[in-house]
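**Q** Using the sequences and the accompanying hints, generate a full structural model.
Protein chains in written order, with my numbering: chain H, 178 to 638; chain R, 1002 to 1403.
I should point out that these hints are in silico values taken from the structure, not numbers from a laboratory.
From a predicted model like this one, the values you see are computed outputs, not experimental measurements.
Here a beta-carbon is modelled for each residue, glycine too, at the ideal position from N, C-alpha and C.
Treat the hints with care, since some could be wrong.
Here are the computed lysine-lysine pairs in the BS3-like style, where the Cα-Cα straight-line distance is at most 30 Å [claimed, not checked]:
(1) H:408 - H:194
(2) R:1344 - H:226
(3) H:421 - R:1042
(4) H:268 - R:1329
(5) R:1006 - H:538
(6) H:421 - R:1329
(7) H:421 - H:194
(8) R:1361 - R:1251
(9) R:1329 - R:1198
(10) R:1052 - R:1081
(11) R:1308 - H:408
(12) R:1251 - H:268
(13) R:1162 - R:1198
Partial pick of chain R residues on the chain H-facing surface, computed with a CB cut under 10 Å [stated by the list, open to error]:
(14) 1003
(15) 1007
(16) 1022
(17) 1031
(18) 1038
(19) 1043
(20) 1244
(21) 1245
(22) 1266
(23) 1267
(24) 1268
(25) 1305
(26) 1308
(27) 1309
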Amino acid sequence: MMNETSLVDLFRTYTIKQLISLIDQSQLSERDLFDCCEHRFETFNPYLKAFKCVFTKYEATHIRDGSFPLANQPLRSIPFGIKDVFNTCLKPTEMGSIIWEGFEAGNNARCVDSLLRSGAIPFGKTVTAEFAVHALNETLNPYDPARTPGTSSSGSAVAVAAGIVPFSIGTQTAASIIRPASFCGVWGMKPSFGLIPRTGSLKTTDTLDTIGFFSYFGSDLRRILSSMRVKGPNYPYVYRYVDKAGPYPKPHGSLWKVGFFKSCFWEIAQPAIKRAIEKVVAQLQAIPNIEIEVVPDFCGTNIHELHELIYAKCLSYYFTQESLSEDRVSSLMLEAIKRGSEISVNDFQAALDSQSTYVEKCHDTFDDIDVIISLSTSTVAPIRNQTESPDPSLIWTFLGMPSLNVPIGFSDEGLPISLQLSARKYNDYLLLQFLDHALSLEIFRNQSIELPTIGIPVSLT
Amino acid sequence: MKYCKRCCIPASQEDVSFDELGICTACRTSEQKMHISWKSKSQELGQILSKTKADAASYDCILPISGGKDSFFQAHVLTKVYGLRPLAVTFSHNWFSETGFYNLQLCLKSFSLDHIQFTPSRDLVNRLARQSLFEIGDACWHCHAGVGAFPLKIAVAFGIKLLIWGESICESSGRTTYNDSRESFDKDYFTRVSAKKTPQQMADSGCASLDELSMFTVPSSLEIDNSGVWGLHLGDYIFWDEERQTEFIKSEYGWRETDMESAYKGFKSAECIMAGVHDYMCYQKRGFSRASLQAAVDVRNGLMTRKEGLDLASRIDAEIPYALEYYKQLTGLTDEEFHEEIKRHRSPFVDPGVIRPVSKTRTTSESSQPFVEQILDRYKNSSDSRLQSADLDRLNSELWWS
Chain H
178 MMNETSLVDL FRTYTIKQLI SLIDQSQLSE RDLFDCCEHR FETFNPYLKA
228 FKCVFTKYEA THIRDGSFPL ANQPLRSIPF GIKDVFNTCL KPTEMGSIIW
278 EGFEAGNNAR CVDSLLRSGA IPFGKTVTAE FAVHALNETL NPYDPARTPG
328 TSSSGSAVAV AAGIVPFSIG TQTAASIIRP ASFCGVWGMK PSFGLIPRTG
378 SLKTTDTLDT IGFFSYFGSD LRRILSSMRV KGPNYPYVYR YVDKAGPYPK
428 PHGSLWKVGF FKSCFWEIAQ PAIKRAIEKV VAQLQAIPNI EIEVVPDFCG
478 TNIHELHELI YAKCLSYYFT QESLSEDRVS SLMLEAIKRG SEISVNDFQA
528 ALDSQSTYVE KCHDTFDDID VIISLSTSTV APIRNQTESP DPSLIWTFLG
578 MPSLNVPIGF SDEGLPISLQ LSARKYNDYL LLQFLDHALS LEIFRNQSIE
628 LPTIGIPVSL T
Chain R
1002 MKYCKRCCIP ASQEDVSFDE LGICTACRTS EQKMHISWKS KSQELGQILS
1052 KTKADAASYD CILPISGGKD SFFQAHVLTK VYGLRPLAVT FSHNWFSETG
1102 FYNLQLCLKS FSLDHIQFTP SRDLVNRLAR QSLFEIGDAC WHCHAGVGAF
1152 PLKIAVAFGI KLLIWGESIC ESSGRTTYND SRESFDKDYF TRVSAKKTPQ
1202 QMADSGCASL DELSMFTVPS SLEIDNSGVW GLHLGDYIFW DEERQTEFIK
1252 SEYGWRETDM ESAYKGFKSA ECIMAGVHDY MCYQKRGFSR ASLQAAVDVR
1302 NGLMTRKEGL DLASRIDAEI PYALEYYKQL TGLTDEEFHE EIKRHRSPFV
1352 DPGVIRPVSK TRTTSESSQP FVEQILDRYK NSSDSRLQSA DLDRLNSELW
1402 WS
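**A** This is how it looks when you write it as structure tokens:
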């Protein structure tokens, strides 16, 4: 049996694969895992406010078993957190808005159901920014409560950082997975657009909303992705480019071509972040089968401008009704809706056409590149409510390309620093293969960044 | 042609409307689903079904069933979740595929269903399938009319008051939305929306007598009122997610998909060999077909971009299905006659220049011949296997020496 110390911090000690193996060997039980969640929730959540609500063990098991788990359960008994923009058959789905307080959808979003069928156990619903946009919520950054945890999937990132759950799910329309993952020092993945169905989740922007997830260990990302994504001939693009063909797996010992894309935000990035990324690039360059190529800036701030236009227009379209309750909607949201309403249909359409052109063009831009290294965020977590720098990761959301947040170290202030790895659309498994390669070479650590005592009362660490 | 700015639905879709941003009805409906309390809806359903169960005599309800993904899932919900005893009623189009036949039998067995089926004669089906092209520009009048009328006739005849269909009419038809008020039960829905012509009108065309079409005739309003028969769609009470439901019935019960013509998903209308012909006619009339509808759903669900959806659909929608040969054979129409007639039904929204059918090159594992015809062909001219010499020796030896 496990000793008491490890039982209270299971998810920052063992990977998902190890946890399942320990259950198989009867050294752990599903009950132990859920108890660990509850213990850490009771310890940390009053302070960090990562979860909006949690399920009882009975409710969680009932939801999971009601979804008829498959015989092969790659996430058997593994608890997870659900951003409160996904419908769940029990507990409210409030989408971070008081307008929808107490709203009980009564169905599971399809990706939630896929996880349940993989044997995972829902632990609770995590705090989101209002309608998954950007208004800062009550969740605190575990490294420094004075700083933002990053929005909008704040609760999901913090829940993993604090070891309350081993993984959690979120959404990204701009940078809502990569940014909080970076600010909280955990692994995050935004898969290619088209891999995970959005059925039963909040819509903000059709061409941008992408479902993704956070995990404490990098090696767990593949298992989570495989449990959530669609497969088979009913999804012809995924079947052709992900299931059946593509450059994955690259034969052992082949050359990896790694692009280093600084983007126009490199200039404003904090020196500590630039140094940390350049150090990783230098380490990679020293490896015989890795070739680094600097990718020229192909978009400037143009993608950000187009993104802003599409995003604002869609918010004004999808949240017309909510905007009528002015006193119950944040000023940030109202401003975005107002901006969107002033955008003409023609300008909106032109921006969508430009997005489509960019998506096509980037196939050429990254034609012979396997993996791209870029900034996750240009700063460490800023002080709450301070204006944040533009999100470099928004570029990959716009282009529908998969991206990972890779925690790589600390700044002088003791705040997490990350870099971002991306790949061409549908090359998600190639990206994860590169990650495995880099982990095996110890360029990256499998674990997320260990939570120090900084900013958290000693009693809670 | 004008398309929805969000998905792949064109203006030639029947009853579609676009809002100020150019978004179609089905897209708007798909977002409404997110803000409906399905918890309250399912509680409402629970109350209806409890009362039905308490009031019912022999069977609790009629389950119109084809063995397709929706009716299979309905059977699961009604029997396993709500503990009802439905009477399964099938109007057979007599075009069952082998996969469809298997799925129907599997459904009856999995849920221990009593079953009534009506199968119109091959000759009548052939005559109606031919006239259907001329009347409504579609091969399937008999199916549209039969699935609407036959379960209602059984309900009235046996005094079973409730019929339970599957998908809500709001779901992807684009004809109405969850926010629109509408009649909860409309006995003439199938006639109005899909069959379009009454049995009397078909009889007037001379292809069949009214007597032959009695099973295609919806009971009168008086009969419906007197019997107290009414119906509901499960999709108005539970969050309808056809892909999730299909995954579920496949893994839990062994329901099977197949190669569908004019489509890229293997589950829609898997029971019918003529679905591709139906959809190809839609392409000829409206410039889009099943693949466009499927791509539209995938785009809404974030599973492909609109451009990917339009590219994929434009290739598949234009394919001439293998089953068209069977259709021409059963109707006696030449290729030229068929295409001349279908052009007459073309939507004014469609530029004829964009209709460019292509020969199909994709292979299919499903025969384009109805499964029962395959069985008839297989056995009709084959000799009695017992009379083959090796078997005769075996039979003799087993009969006399065991």
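**Q** The structure should be examined with respect to each hint, and the outcome stated for every one.
**A** So, going through the hints one by one against the coordinates:
Note on residue 408 of chain H and residue 194 of chain H: the hinted pairing holds, with a Cα-Cα distance of about 22 Å set against a maximum of 30 Å. Simply put, residue 1344 of chain R and residue 226 of chain H have alpha-carbon atoms about 64 Å apart, too far for the 30 Å limit, and the pair is violated. For the hint pairing residue 421 of chain H with residue 1042 of chain R, the CA-to-CA distance comes to about 41 Å; that exceeds 30 Å, so the pair is violated. For the suggested pair residue 268 of chain H and residue 1329 of chain R, the alpha carbons sit about 56 Å apart, so the restraint of at most 30 Å is broken.
Distance restraint check for residue 1006 of chain R and residue 538 of chain H: the Cα-Cα separation of roughly 21 Å lies within the 30 Å cut-off, and the hinted pair is therefore satisfied. For the given pair, residue 421 of chain H sits about 37 Å from residue 1329 of chain R by alpha-carbon distance, which is inconsistent with the 30 Å threshold. A hinted pair counts as satisfied when its Cα atoms are at most 30 Å apart, and residue 421 of chain H with residue 194 of chain H qualifies at roughly 25 Å. Distance check on the hinted pair: residue 1361 of chain R and residue 1251 of chain R sit about 28 Å apart at the alpha-carbon level, within 30 Å; holds.
At most 30 Å may separate the alpha-carbon atoms for a hinted pair to count; residue 1329 of chain R and residue 1198 of chain R meet this at roughly 22 Å. Under the criterion of a C-alpha separation no larger than 30 Å, the hint pairing residue 1052 of chain R with residue 1081 of chain R is consistent with the structure, at around 17 Å. A threshold of 30 Å between alpha carbons decides the hint, and for residue 1308 of chain R with residue 408 of chain H the separation of about 20 Å falls inside it, so the pair holds. With a C-alpha separation of about 28 Å, the suggested pairing of residue 1251 of chain R with residue 268 of chain H holds against the 30 Å cut-off.
Taking the CA atoms of residue 1162 of chain R and residue 1198 of chain R, the gap is near 26 Å; set against the 30 Å cutoff, the hint holds. Hint status for residue 1003 of chain R: violated, given a least beta-carbon distance of 12 Å to chain H, over 10 Å. Hint status for residue 1007 of chain R relative to chain H: holds, with the closest Cβ pair at about 6 Å, below 10 Å. Among the interface hints, the one on residue 1022 of chain R holds; its C-beta lies about 6 Å from the nearest C-beta in chain H, closer than the 10 Å criterion.
Because the beta carbon of residue 1031 of chain R sits about 8 Å from the nearest beta carbon in chain H, less than 10 Å, this interface hint is met. Checking residue 1038 of chain R against chain H by beta carbon gives a least distance of about 6 Å; that is within 10 Å, so the hint holds. Nearest Cβ of chain H to the Cβ of residue 1043 of chain R: about 6 Å, under the 10 Å cut. The hint holds. Because the smallest distance between the Cβ of residue 1244 of chain R and any Cβ of chain H comes to about 7 Å, under 10 Å, the interface hint for this residue holds.
Annotation: interface hint on residue 1245 of chain R holds; nearest CB of chain H at approximately 5 Å, less than 10 Å. For residue 1266 of chain R, the interface hint holds, the least distance from its beta-carbon to any beta-carbon of chain H being 5 Å, beneath 10 Å. Nearest Cβ of chain H to the Cβ of residue 1267 of chain R: about 6 Å, under the 10 Å cut. The hint holds. A hinted interface residue such as residue 1268 of chain R counts as satisfied when its beta carbon comes closer than 10 Å to some beta carbon of chain H; here the least separation is about 7 Å, so the hint holds.
Taking 10 Å as the C-beta contact cut-off toward chain H, the hint placing residue 1305 of chain R at the interface holds, the least distance being around 5 Å. Taking 10 Å as the C-beta cut-off, the interface hint given for residue 1308 of chain R holds, the closest approach to chain H being about 5 Å. For residue 1309 of chain R, the interface hint holds, since its Cβ comes within 10 Å of a Cβ in chain H; the closest pair sits about 6 Å apart.
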